[in-house]
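With chain A held as given, fit chain B onto it using these hints.
Protein chains: 2
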Amino acid sequence: MKGLVTVIFEPEGRRVRTALGTTIFQAASEAGVGIRSECGGEGKCGKCRVVVPLKSALNEVTTTEMKHLSSSEIDSGYRLACCALIKEDAVIMIPTESRTEMRKIQIVGLERPVALNPLVKKFHITLPKPTLSDARPDLERLLECLKQKHYFYELEIDYELLRELPDLLRDANWGITVTVWNNRKIIAIEKGNTLDKLFGLAIDIGTSKIVVYVVDLTTGRTMGIGSIENPQVIHGEDIISRITYAMTGNEKLETLQKLIVKGINDALQNACIEATVNPRSIYEATVVGNTAMHHFFLAIQPKHIAFSPFTPAIKRSIDIEARQLNIKMHPGGIVHVLPIIAGFVGADAVADILSTGIHESEKVSLLIDIGTNTEVFVGNAEDILSCSCASGPAFEGAHIKHGMKAVTGAIEKLRVNPDSYEVEYETIGGTKPVGLCGSAMIDVTAELFKCRIINRRGRFNLKIKTPRLKVVNSDIAFVVARKNESGTGKEITVTQKDINEIQLAKAAIFTGCSILMKRKKVNEKDINRVFMAGAFGSYINPESAKFIGLTPDVPTKKIKFVGNTAITGAELALISKEARKTAKTISEKVRYLELSVDPDFTLEFSNAMFLPHKDLDRFPSVKTYFNRM
Amino acid sequence: MKGLVTVIFEPEGRRVRTALGTTIFQAASEAGVGIRSECGGEGKCGKCRVVVPLKSALNEVTTTEMKHLSSSEIDSGYRLACCALIKEDAVIMIPTESRTEMRKIQIVGLERPVALNPLVKKFHITLPKPTLSDARPDLERLLECLKQKHYFYELEIDYELLRELPDLLRDANWGITVTVWNNRKIIAIEKGNTLDKLFGLAIDIGTSKIVVYVVDLTTGRTMGIGSIENPQVIHGEDIISRITYAMTGNEKLETLQKLIVKGINDALQNACIEATVNPRSIYEATVVGNTAMHHFFLAIQPKHIAFSPFTPAIKRSIDIEARQLNIKMHPGGIVHVLPIIAGFVGADAVADILSTGIHESEKVSLLIDIGTNTEVFVGNAEDILSCSCASGPAFEGAHIKHGMKAVTGAIEKLRVNPDSYEVEYETIGGTKPVGLCGSAMIDVTAELFKCRIINRRGRFNLKIKTPRLKVVNSDIAFVVARKNESGTGKEITVTQKDINEIQLAKAAIFTGCSILMKRKKVNEKDINRVFMAGAFGSYINPESAKFIGLTPDVPTKKIKFVGNTAITGAELALISKEARKTAKTISEKVRYLELSVDPDFTLEFSNAMFLPHKDLDRFPSVKTYFNRM
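Residue numbers (my numbering), protein chains in the order written: chain A, 810 to 1438; chain B, 810 to 1438.
Keep in mind that the hints are not guaranteed to be accurate.
One copy or two, either will do: identical chains are not told apart, so a pair holds if it fits within one copy or between any two.
To be verified - Restricting the straight-line Cα-Cα distance to at most 20 Å, the calculated cross-link-like pairs of lysine to aspartate or glutamate (EDC-like) are: (1) K994 with E965; (2) K1000 with E969; (3) K994 with D1228; (4) K994 with E963; (5) K1172 with E965; (6) K1279 with E1294; (7) K994 with D1128; (8) K994 with E1130.
Treat the hints as calculated values from the structure; they're not laboratory data.
Chain A on its own, in the form it takes in the complex:
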């Protein structure tokens, strides 16, 4: 094609076809090759140095480049990527000092590369000592050095840090490491060279569980994980009871906020011990959580989210000093709370989208983040519609007779033999079973339905004769593990009431999926991927999920369980400035549908109470299964 050139980036050998006259910087971006830059390609920082042996492939060396490169470097083929325009096919060498490190973020079932570009950066500098002929004040001395050496033109300084500055500089004998946040604010200064100690913290505040990751921001690696039950549970398991508690007075709200902070600090301490990281070396934290947790964390009265029209206090992201929130990281460090979407679709939802990338694909995805409130998203790069479903905590083991969280001893997978009704199961940690976690509840419902032990309305069929099915205290129960098998010495059963709880939960979620699909005018065939996310477990059998009608009936290979995408999204926003910008776009663009006022809600919900659904034609694979039998 006319007007196009081929560019090869070494040492990786990445190729790209781009327009004649493109800058190397732009071409690298198109090729997905990371080149360092502090000024964003404006010719100011001189960091985007590349080597191009064939000089004829580029424009003449510009005067801007002459400022940043020595003449011997220019002779050797050095150029600034932001100034060099590509005139013909070229091979471009990126030297080590100009590379931005890339890392692969691992999400179960997903692998998304992301350029390491955190908002906090460290610079080691040595200041000239003051003399009578150079008695510049300490801050001006520091800022001028950062300007000359690192092209920072407008930096602020944390006031508390300014207070310590004079003694700090002299104690360090003027050799210091400066931590800059967002190219805007000096948040920490340390004696000597501490470039290797630069950590961040990703925080997911779940209604039930708080999870934190300590991340090394020089490599992008997760160094430690901390996880703790949300200490707020003493004021109610569900969001509404906690909001009700907070409504009774601002001191109650503060109690709830302090509990979250305590939970985060405890989890953070554990993660730091695991990672052997000093919490003072954590300079930024990113926070996600549903809108209620978001408000609790910020100590903002959440009662107005609970009542129509369910209005949150703030949608955009907010940056707060760690000391203001009492998070036990560097006191001048910044806590970045991600933006939310709506009253019941929070910052965790933004993180879900960010980490699954459903906003990047042209193809339509369905994303379900299962929790006490389940968020559902349908859409693609063009438009995403979201809603929140009151699915309750059944999948987290609550309100289920032998339900439990996904911890050691929980049955997580389960199969029932359709002839003998014998049960095969696997437990977390391989120990004797002590209960069933969410994924097992999905499995057992699907299996009992397949064996016709429960019918489409979820009722046990007492005509089936097996010693596993029995009536205990006027409730019907199916024995999953016998006394002698179990770790408790007691039978582990699934009761009629348990099945009903699962039906309610899955109906709530499917109603969300179904209404969103309707409003987006897509059907099962248009769905390219179904992502199931959730912090509650590590595994869901997609076959079972589909069989009970938790998800729409799409080919099993399209359904992926992706784990805790909320914390992964928080981690992405922590290590990548670009991801943080994307989070803003997601928050602004994703539309919200208030299910409770949707005219189809009641009918959709009652239809979805059936296994898998009242309209069996929407679940052809289930229909086929029973027809085959």
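Just chain B now, kept in the frame of chain A:
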């Protein structure tokens, strides 16, 4: 002249000659006519509406103007001043709604007009109530309204205020008054319309005295004044003893900071009572003080100012939330600490220059701000040189036997009859005298010198026979007021030691003047004005000052006593954004000379110990006086 047009601004009739093609906005600025603008002339706010009946005098109406003006307004000759280019001589009418108020700042001996343009502004708005179809979060609802109605595109909000936002908006039934600081941050929100309650606070932290002015920012009027002894005096009268105290530990530094804050809060409370202003309606404070007071106020260790090379921690201005400093104004209000010049030339010096305007004149001025440390400035619009003189507290009444501050009962003016040696004096408040304040000490030294009771070395001449001159406890004393005249029932005298203290003080100051003049290569004839400033009194007799050699020998009419220019400068910075910008320029441009290392210092100082000076040719008026006799 070709290419120039004459523009007349009505209703004032102000005229200006400006270049063809200039915008009306620019021409108004050249003419010193204030036109409202929130966007600074960028065509965004639509506030700079003017009326030009003769349409041919201007360019065609632009599309930007069409957005802000109705077609009937355009027909009536309405234009935006920032978009309309002047093509020929024109008369431009500025309607009331487009005027910025002007006020005259009163300084003793000076009258400088300044446009009222404070950094804090209030806006009364009514937000649409949220509904299910408009469930925008509270902050976004507020920001979008401020954007639509008042053209704010990028506002932040104080985090503590955000916490209160949901309840506040609903309590106010969505009708609120928003306080915006520096077009950047929402710092207060109040129920209903509180546009008339917008106050600011100017603060001068002197080594001896803290003075505050409460200013109505809707009119620019000073509503209340508070003044209190700096409570730090319990840890030393002079700066060095306080720095020595602070050096012994950070808790000592915090003690000193809390004392300043207590002093400010007490003075503020008194001023608010006088002004009947609720301190919560004070949204911004401007602070000046010498560099040591500046550091103490900010709780920054000041010890490095005390030792060579006398390096301060920060030169630029800094903005801090009132709650962080515990100033009892609106807790989200902003405390703006003005920039400093050098280790011994502080924010008070910047304020001195700002209020006297010596940086604006082409002619050379000498500015002397007398205090325990006296700052001296020589220069003009092109360049100003400054220094600090260790003049000591003699002019404030300290270390003087019957010295006192300029309060009721202090002798402030004094004359000695050269024949009878009888003394005429005036006291503050017209009461019986109880002591002498600084201006009287200057007078008495000059008068005794004129009468030859003291000689050029400042020694008493015991040959002069008068009962007023006597030896008491081996010190010679001159009786200013006899027992029966005084308010204390005791003689009020001036001793040999007192005269020596005054000589030391005036020599320190004159040395500063003399060296600065030498370095600036100007002599007495080049000096167009001498401004004497100081918070210590209300009056100095310029004749006396000149006669003892406190100031250079310039015509008396060129010497002006201008009072506390530090607080006036703080007030200017409070009511005018432009003045604040000027303060920045002053801080950056004024050069500092370290007197203590100047090679001429010792000789100049010993010469200046004479009355008026060793070199009598530098004081021709004194020479003439004695020659005439």
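Comparing the hints with the structure gives:
Proximity of K994 to E965 under the C-alpha cut-off of 20 Å is found in both arrangements, the shortest distances being 5 Å within a copy and 16 Å between copies. Proximity of K1000 to E969 under the C-alpha cut-off of 20 Å is restricted to the intra-copy arrangement: shortest distance 17 Å within a copy versus 33 Å between copies. For the homomeric pair K994 and D1228, neither the shortest alpha-carbon distance inside one copy (69 Å) nor that between copies (71 Å) is at most 20 Å. In this assembly of identical chains, the alpha carbons of K994 and E963 lie at most 20 Å apart whether taken from the same copy (8 Å) or from different copies (18 Å).
Taking the shortest alpha-carbon separations for K1172 and E965, neither the intra-copy value of 44 Å nor the inter-copy value of 37 Å comes in at or below 20 Å. In this assembly of identical chains, K1279 and E1294 lie within 20 Å of each other by CA distance solely inside one copy; the values are 18 Å within and 116 Å between copies. Taking the shortest alpha-carbon separations for K994 and D1128, both the intra-copy value of 12 Å and the inter-copy value of 14 Å come in at or below 20 Å. Taking the shortest Cα distances, K994 and E1130 sit within 20 Å of each other both inside one copy (11 Å) and across copies (17 Å).
When each numbered hint is compared with the structure, violations occur for hints 3 and 5.
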